[in-house]
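*Asks:* Going down the list, the sequences are from chains A and B. Going by the numbering used here, the residue at position 68 of the first sequence is 68; the numbering climbs one at a time, nothing skipped. Going by the numbering used here, the residue at position 38 of the second sequence is 296; the numbering climbs one at a time, nothing skipped.
Errors might be hidden in some of the hints.
To be verified - Heads up, simulated DMTMM-like pairs for lysine to aspartate or glutamate below, C-alpha to C-alpha not over 25 Å straight-line:
no.: 1; chain 1: B; residue 1: K483; chain 2: B; residue 2: E435
no.: 2; chain 1: B; residue 1: K380; chain 2: A; residue 2: E253
no.: 3; chain 1: B; residue 1: K380; chain 2: A; residue 2: D246
What the hints assert, rightly or not - Computed from the model, here is a short list of chain A residues facing chain B with C-beta under 8 Å:
no.: 4; residue: Y160
no.: 5; residue: L161
no.: 6; residue: R165
no.: 7; residue: S170
no.: 8; residue: T171
no.: 9; residue: P181
Hints listed in this document are in silico derivations from the structure and should not be mistaken for laboratory results. Think of the CB as a built atom: it goes at the ideal place given N, C-alpha and C, for glycine as much as any other residue.
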Amino acid sequence: MKPSIQHSTFNIEHSTLRFVLPVITAAIILAIWAIAVKLSGTKIFPSPVAVAKAILTLSEKSLLWRYIGDSLTRVFAGYLAAIVAGIPIGFLMGWHAPLARAINPLIQMLRPISPLAWMPLAVIWFGVSNAAPIFLIFLASLFPIIVAAMNGVRNVPPMYLQAGRNFGLSTRQLMIRVVAPAVLPRIMVGLRLAFGIAWVVLVAAEMIAVDSGLGYLIIDARNAGKRYDLVVAGMLMIGVIGLLLDTGIRRVEEWISE
Amino acid sequence: MKVQFTDVSMRFGAMEVLQHVTIGVEEGEFLCIVGPSGCGKSTLLNIAGGFLAPAAGSVTIDGEPVTAPDRRRIFVFQERGVFPWLTVEGNIGFGLFDMPEEARRQRVAQYIQLVGLDGFEKAYPRELSGGMKQRVEVARALAVNPDVLFLDEPFGALDSITRLQMRSELLRIWRAERKTVLFVTHDIDESVQLADRVVVMSARPGRIRRVVDIDIAHPRDLSSKRYIELRDLIFGEIGLAHQV
Numbered sequence: 001m002k003p004s005i006q007h008s009t010f011n012i013e014h015s016t017l018r019f020v021l022p023v024i025t026a027a028i029i030l031a032i033w034a035i036a037v038k039l040s041g042t043k044i045f046p047s048p049v050a051v052a053k054a055i056l057t058l059s060e061k062s063l064l065w066r067y068i069g070d071s072l073t074r075v076f077a078g079y080l081a082a083i084v085a086g087i088p089i090g091f092l093m094g095w096h097a098p099l100a101r102a103i104n105p106l107i108q109m110l111r112p113i114s115p116l117a118w119m120p121l122a123v124i125w126f127g128v129s130n131a132a133p134i135f136l137i138f139l140a141s142l143f144p145i146i147v148a149a150m151n152g153v154r155n156v157p158p159m160y161l162q163a164g165r166n167f168g169l170s171t172r173q174l175m176i177r178v179v180a181p182a183v184l185p186r187i188m189v190g191l192r193l194a195f196g197i198a199w200v201v202l203v204a205a206e207m208i209a210v211d212s213g214l215g216y217l218i219i220d221a222r223n224a225g226k227r228y229d230l231v232v233a234g235m236l237m238i239g240v241i242g243l244l245l246d247t248g249i250r251r252v253e254e255w256i257s258e
Numbered sequence: 259m260k261v262q263f264t265d266v267s268m269r270f271g272a273m274e275v276l277q278h279v280t281i282g283v284e285e286g287e288f289l290c291i292v293g294p295s296g297c298g299k300s301t302l303l304n305i306a307g308g309f310l311a312p313a314a315g316s317v318t319i320d321g322e323p324v325t326a327p328d329r330r331r332i333f334v335f336q337e338r339g340v341f342p343w344l345t346v347e348g349n350i351g352f353g354l355f356d357m358p359e360e361a362r363r364q365r366v367a368q369y370i371q372l373v374g375l376d377g378f379e380k381a382y383p384r385e386l387s388g389g390m391k392q393r394v395e396v397a398r399a400l401a402v403n404p405d406v407l408f409l410d411e412p413f414g415a416l417d418s419i420t421r422l423q424m425r426s427e428l429l430r431i432w433r434a435e436r437k438t439v440l441f442v443t444h445d446i447d448e449s450v451q452l453a454d455r456v457v458v459m460s461a462r463p464g465r466i467r468r469v470v471d472i473d474i475a476h477p478r479d480l481s482s483k484r485y486i487e488l489r490d491l492i493f494g495e496i497g498l499a500h501q502v
């Protein structure tokens, strides 16, 4: 027999718990981290306090804000380009089965190649510039967006299309008034997944192809003086910003599916 | 004849689904098509709606051959056909896109009232019960003022109480609007409660076994002798002794 969970007692404190529980977890991790640094007597790995100080110093120097700005600009440029290209391609492939048969194998072959594997080519084509990481982010987000749009269009319930046709819609009207709203929730899920990948790829790309941004901050802190407090500070910033952006996209997703 | 099926046959690949179906439906008539599942009754409706082309034979409406879907005859599915991204108003007004704003609003309001959804204008389908969603779909179909309605097991997904209510609602609306109705169901009771005539189909490949006139005036007494006679006749025709 399944153990029965008393949902009602959970629900009363649900909102407080949702906030308090993660804070407790974080506090425990920070404590373990601080104690481990202390006990091991490491000179390389920074303590939580050292990292907090590093973040403060960075933010005072405005370098951090510039790096965050650069990273965000790149990720959004590549990601938006992927949306603009990927959604129409996915729509066409979902609508015209022969087109999907022609292109899909190519996409499925390119998809498992890590976008980072394109790095050498990106550097040849674009040099050490903003264009190289933007290109990699574009590639990273393009395929999941195409696939989400294609599957979304394919899976529009036939009844909706039949009803649309019955009311005399042209193919164009059918696309706008039936297919687009029907696939929107699914596409939003694809967009969120794509953004997660884009953010991960961004940091790696910035370690190689440019000289600013959060990825560069990490690699530069290590290379320039083994400043591991800055390395960990950079990692934390990446995590926090990634979380905030994901939450933002989730909100949009929920708002759309309402 | 409003709708005329002439020697309609249909196959999907090697599978014969319909054989030589010939039947005419009068203007304003309520015709039910019953038969065992897989007998091609939905296919027949889809052919009449212009969504499928028959392998042989023809369907004409007002003497014109049916070649494509048309706004003058609307297909109603189970309630899953309502658009989840539109409100009740949006769904009912869906087919009225070429109408001026004001006329459209009036028409939508009129049909919201007809199907008894007053107060739910701004609600989304997920906030509605199955029966209410079905009303939305019927209203969406009626709003474009079609002269033929095709209903494909429209109440199949509803609970038995709601189904009974929806039947009398549908009859009330049908009397008010006087549409020609082709109604597919596998529920024999439903067909005897609703139809002027019941077409009984055989198992696949579907042929017309018999056409039964339901000569009982509305409102129909479901325990009257004639009702039970006709129902048993159809049960027998399908080959079911209705004993459990």
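*Asks:* If a hint holds in the structure, say so; if it doesn't, say that too.
*Replies:* Status of the hints after comparison with the structure:
no.: 1; hint: K483(B) <-> E435(B); in the structure: 30 Å, violated
no.: 2; hint: K380(B) <-> E253(A); in the structure: 21 Å, holds
no.: 3; hint: K380(B) <-> D246(A); in the structure: 31 Å, violated
no.: 4; hint: Y160; in the structure: 7 Å, holds
no.: 5; hint: L161; in the structure: 10 Å, violated
no.: 6; hint: R165; in the structure: 5 Å, holds
no.: 7; hint: S170; in the structure: 11 Å, violated
no.: 8; hint: T171; in the structure: 13 Å, violated
no.: 9; hint: P181; in the structure: 4 Å, holds
Violated hints, listed in ascending order, are 1, 3, 5, 7, 8; each of the other numbered hints is respected by the structure.
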